[in-house]
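S.K.: Two chains, each in its own frame: build the complex with the hints.
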Amino acid sequence: MLPRAVQALVMGGAILGALTGILAYVTLLERKFAARMQSRIGPYRVGPHGLLQPIADGVKLLLKEDVIPETADRPVFNLAPVVFLIPCLLIFAVIPFAPGIGVSDLDTGVLLFLAISSLEIVGLFMAGWGSNNKYALLSAMRAVNQIISYDLPFIMASLVPVMLAGSLRLSDIAAAQSRLWFIAYPVIGQLAFVFFIITAVAAENRVPFDILEAESELVAGFRVEYSGMKFAIIQLAEYAHVLGTSFLGALLFLGAWAGPGPVWLGPLWFFVKAIGVFLLITWIRWSFVRIRVDQILRVSWKLMLPASLLLLLATAAAIVWRTPHA
Amino acid sequence: MSEVRAIDYQGSERLTMNMGPQHPSAHGVFRAILTLEGETVVGVDAVIGYLHRCHEKLAETLAYVQYPTIASKTDYVAAMCSELAYVSAAEEIGQFEVPRRAQYLRVMMAELQRIASHCLWLGTWCMDMGGALGGGATIFLYCIRERELVLDLFEALVGARLLYGFHQVGGVRYDIPDGWTAKCRETIGLIEARLDEYEAMLADNPFFTMRVKGVGTISRELAEDVGISGPLLRGSGVAWDLRRNLPYSSYEEFAFDVPVETAGDCFARYRVRMVEFRQSIRIIRQVLDGLPEGPISSRPGVKSLAQVKVPKGEAYARVEGPRGEVGCYLVADGSNKPYRMKWRGASFSNLAVLPHILPGVGVADVVAIMGSVDPVFGEVDR
Numbered sequence: 001m002l003p004r005a006v007q008a009l010v011m012g013g014a015i016l017g018a019l020t021g022i023l024a025y026v027t028l029l030e031r032k033f034a035a036r037m038q039s040r041i042g043p044y045r046v047g048p049h050g051l052l053q054p055i056a057d058g059v060k061l062l063l064k065e066d067v068i069p070e071t072a073d074r075p076v077f078n079l080a081p082v083v084f085l086i087p088c089l090l091i092f093a094v095i096p097f098a099p100g101i102g103v104s105d106l107d108t109g110v111l112l113f114l115a116i117s118s119l120e121i122v123g124l125f126m127a128g129w130g131s132n133n134k135y136a137l138l139s140a141m142r143a144v145n146q147i148i149s150y151d152l153p154f155i156m157a158s159l160v161p162v163m164l165a166g167s168l169r170l171s172d173i174a175a176a177q178s179r180l181w182f183i184a185y186p187v188i189g190q191l192a193f194v195f196f197i198i199t200a201v202a203a204e205n206r207v208p209f210d211i212l213e214a215e216s217e218l219v220a221g222f223r224v225e226y227s228g229m230k231f232a233i234i235q236l237a238e239y240a241h242v243l244g245t246s247f248l249g250a251l252l253f254l255g256a257w258a259g260p261g262p263v264w265l266g267p268l269w270f271f272v273k274a275i276g277v278f279l280l281i282t283w284i285r286w287s288f289v290r291i292r293v294d295q296i297l298r299v300s301w302k303l304m305l306p307a308s309l310l311l312l313l314a315t316a317a318a319i320v321w322r323t324p325h326a
Numbered sequence: 001m002s003e004v005r006a007i008d009y010q011g012s013e014r015l016t017m018n019m020g021p022q023h024p025s026a027h028g029v030f031r032a033i034l035t036l037e038g039e040t041v042v043g044v045d046a047v048i049g050y051l052h053r054c055h056e057k058l059a060e061t062l063a064y065v066q067y068p069t070i071a072s073k074t075d076y077v078a079a080m081c082s083e084l085a086y087v088s089a090a091e092e093i094g095q096f097e098v099p100r101r102a103q104y105l106r107v108m109m110a111e112l113q114r115i116a117s118h119c120l121w122l123g124t125w126c127m128d129m130g131g132a133l134g135g136g137a138t139i140f141l142y143c144i145r146e147r148e149l150v151l152d153l154f155e156a157l158v159g160a161r162l163l164y165g166f167h168q169v170g171g172v173r174y175d176i177p178d179g180w181t182a183k184c185r186e187t188i189g190l191i192e193a194r195l196d197e198y199e200a201m202l203a204d205n206p207f208f209t210m211r212v213k214g215v216g217t218i219s220r221e222l223a224e225d226v227g228i229s230g231p232l233l234r235g236s237g238v239a240w241d242l243r244r245n246l247p248y249s250s251y252e253e254f255a256f257d258v259p260v261e262t263a264g265d266c267f268a269r270y271r272v273r274m275v276e277f278r279q280s281i282r283i284i285r286q287v288l289d290g291l292p293e294g295p296i297s298s299r300p301g302v303k304s305l306a307q308v309k310v311p312k313g314e315a316y317a318r319v320e321g322p323r324g325e326v327g328c329y330l331v332a333d334g335s336n337k338p339y340r341m342k343w344r345g346a347s348f349s350n351l352a353v354l355p356h357i358l359p360g361v362g363v364a365d366v367v368a369i370m371g372s373v374d375p376v377f378g379e380v381d382r
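Protein sequences appear in the order of chains U and X. Numbering of the first sequence is given in the numbering used here, commencing with residue 1 and proceeding in unit increments. Numbering of the second sequence is given in the numbering used here, commencing with residue 1 and proceeding in unit increments.
I should point out that these hints are in silico values taken from the structure, not numbers from a laboratory. Some hints could be false.
What the hints assert, rightly or not - Covered stretches of chain X, as calculated for chain U (at least 3 residues, CB under 8 angstroms): (1) 22-31; (2) 123-131; (3) 205-218; (4) 352-365.
What the hints assert, rightly or not - Some but not every residue of chain X turned toward chain U, in silico, with C-beta under 10 angstroms: (5) Met-19; (6) Glu-39; (7) Gly-134.
All C-beta atoms, glycine included, are put in the ideal place defined by N, C-alpha and C.
Bound conformation, chain X alone (with noise of 0.2 angstroms):
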């Protein structure tokens, strides 16, 4: 019988523990190789690459026309913001305009994805915590259903329900058929309605609070450090919106109260969220009161690959995603194709927060930590 142990044990009482790439709490492909004392986490190596898919040598290969349909597949939890994000560098570089009516769908179906994303990392969080065979699953459950309702306006709109291709340069590609305002309206109600059930069986329940107030802190000062962004940035006290301190997309046009919590800790990311949630929701009922009339893209439709060109120069442009900045650097060399394209992540400057706050924690904290953090690989990994 051979002497092989699997439990190495480095010097004293160290373990090594392996989770991910494949892990139930794992959300997408992360790997963090932990080292633990007992249930202490002191150490952590994070290991990112195994979904990348060369996303950035992909777009110089691709036409203007053809790319906003793969970045869907960045942040494949959130397609509307990063296509809006590639639309929006290649319309800075050629000073396209994009008329309101495009303007205003796209604010819609940035906060309608928001939503959808809110709602997952919610289900997920708590599956995270409470359990497949448990609390967490039911909440799981009731999120995914209200995402559901989402990704039905989606389909109804685009045809299709994850990776939309719904933007094109100088403006949108669909015009909201009929019916679908008051389908919409319908939704959201019945979204901010469903956000008091899911309050009252989180925030009101010493179990979650427990597991998440003062678990996993981020100071303001790290945050800066480390250049967080999005619901993790506001959560510790910076109040940096895009939408609200770099307007884009006449987002300057709406009225919304943009969340800060200064704890810095899980239960701070999920007031943000939550708060969130409700922003979006008002944010898209003043669309809909307020979309006006016109066309909804100031070029043709699209016809041909060499259709779109863009000329000489470059741009970032940055959007607010549910995760944070969704940044697309652009550098156009006037084909129809971009001559080198880079993406800003949200979720991949996030993850560089988790070294400074996993060490100290116990394995139970880990997945409640990753989970507030809400990574999607899509976008880590490219």
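Bound-form chain U, shown alone (with noise of 0.2 angstroms):
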């Protein structure tokens, strides 16, 4: 048996090599869908129904040249996408892909999952900020707001799966699925993941949220004066956050490995609700259109959190009433 760290680092950068690859093409997924919503047929020259556009989109990004503004605060400009990809690619650290594979299974998986994909908004505010341009830095205020306020409910959300499985550790959530998976736990499961999608589509600045890049007010927002390589890892990075919350939700809610067939299928079918998840954060995405970002405050702090408390509460209440007594 190989020693724990090296086991660690196999599997990290295993799975590092496979998330750029599934990346990539979770990009080509997400336009034939949204193309399929609008009537059109998406990509489809590169390689047989558009299959390699994904790589030839890499390849042209590579090309291009990597503008940097002369007003712009170098260090701050050059490091922001870094700051920004760290986190959205560390959280899948935390997560089993099935018993016993994943980078590690800590005690407080959930928690270490939340922390640091909320750490995602140091790097977006120094893009923002050492952009030096108006409608960045517009973008990267806002950011800051909605940012904060979807975090705290998206927290009490996920936190429902953590109090019925009674542990933080993500292969004891799954675990505790065997039997019924939490999103059929009556009323409580449902409820909480509709508030999960609602608040990770909001953390994920995805439409109906996605106020920071409203490119029809701000152009492109916080990456507006980004290009090249430097764009192409804030895509990166915002769609393994993308999909490193479905992945959340797919373990909190649907069961995570369960599945018929052999166990060795588990990893498989985890990866199907996964992007389940994300194709119904798509969905989402292509059909609302953009609120307000006094709106989108107001229904978090006035609306989301107290109802997530709320949630919170009934899930211990049902519990404790579930619980047989001495």
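M.R.: Put into structure tokens, the structure is as follows:
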């Protein structure tokens, strides 16, 4: 048996490598999915059914000129995409893709996931500030507002399965759903899932909560000055975050690797469920119009936060009620 | 390292931000210099003229048989209406007769054009609010899909999809080809069904209503003072529609409703235009049912530049375009070219309301309001 550190390193490398490929094709999936929603065909020219499109995009972005604005804060500007990317990739470290397969199955997995995923705001704000662009600055200010507002209800919604399973360890939560997926838990499960999806969409800055990049107002928001590979890194990080959250959703609510067939199919089931959550988020994205920043904040603080707190209380009550007393 | 800071704070916390002329939400080349306090607009400086092409001077150099094609290019989203305004003015000066079939065809094309134009308005407006990478783009593509069907009809009729040259002094240049009527009925039936889908996707959607209700309210007094027209005016509670109040081209023979909303906000303008969609379909059905036989023009087809000579005189003709009153003032000197021509563009007058309603709203509302005003810059700058 390999030492634990080496095992984690190998696993980390493997997951990172696989992730880059998966992310590239997740963009293609979203484009195809959106195209179908909009009665279009989507990418079709590069390779059969556009299957080589992500590679072509990658090559194109690599070859693009990397422009740094003259008045930009160079260190901050250059560092921002990386600072943005790291937390978005790091969240995959705590996800167990199957029993025993994962970089690190921590006792505080959910906590670490939530903590790291809210760190992306640092990179985002650096990008917005460092660009020295008015649109980017406005976008960065909005970003701080929005992500702080939505991380709280996001955490509350994620805590419901944690309470039901009685553990912060992600593999325990998955194992606790071997009989009943938490989304099937009466009332509380469905409500928590709805909350989870709404807040996840908001935390990932997607329509209808994409006020950061609101291109009709702020052109491209915080990434308006980025080009070439830095732009690609920001894109990659965003998709990594969405996919990571989809995995978390599939794990917390959809029973992770539980599914029919032999055990070795588990990771596949997990992946399919995560893609299902991803497509749900995509479906929302391509259906709604964006709401305003003040409305987003109002919805968060006046509706989502109290409601998710109540839901948490209800969960606690349900657990106490269903636990047989001595 | 230079100490240039691109962000120029003027005094306190004010930020000057450019929206346009090159901007994702700019409808054409409109430049709004916004003064912001945080996200709130405190001042707006509207700059126009980026698309000025000397249309009015150009009209003096072109014969009456030539200019209708160019008139298309003022409001290129509703080309049929500006052509109609121009030829109507010439016909009024010369007292040229227009056969009934031509009048009916003009009405039909104007209404089809209104549908096409409103499709583009709805799509671009939703894209302003919903993002090019979001639900807005979905609505946009749906609307463009329907607009294409209308443009197909125009292509079958004229051969062009955007700028037609369909009208001529004394009538129209093309008669409808075989099978066109059936295709037209099919198209408007399809669009009528799809309108229900749009309304389900928009008016029943709280995200959409949050963005548009109570935003950009134009009071009735303001609407009358600044001289806006079209759906904006009707959205502010004024029942004024040239097709009803000053009928031209035998509009008085058709039954249709003039939608009026009293709220004056973006949602009211949306509702007015959505009803107009259906009323246009209603008018087109009546035209198709009652299309009279006969000539399509009281004058022979265009052969030479000197063919149409308009006697000395002047006239102002106006038609109800998709964006409001499109007017053409023509002074004729008896030759084959007008002595002077002046356009009254609906978008130009409608834009005048912006400095009155923009201060106080957020940046996000600016694009929602701009989209609901629906300006076309070919018509503003001419």
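S.K.: So, for every hint listed, does it hold in this structure?
M.R.: Evaluation of the provided hints:
{"no.": "1", "hint": "22-31", "in the structure": "holds (count 3)"}
{"no.": "2", "hint": "123-131", "in the structure": "holds (count 6)"}
{"no.": "3", "hint": "205-218", "in the structure": "holds (count 5)"}
{"no.": "4", "hint": "352-365", "in the structure": "holds (count 4)"}
{"no.": "5", "hint": "Met-19", "in the structure": "holds (8 angstroms)"}
{"no.": "6", "hint": "Glu-39", "in the structure": "holds (6 angstroms)"}
{"no.": "7", "hint": "Gly-134", "in the structure": "holds (3 angstroms)"}
Checked against the numbered hints listed earlier, the structure breaks none of them; every hint is satisfied.
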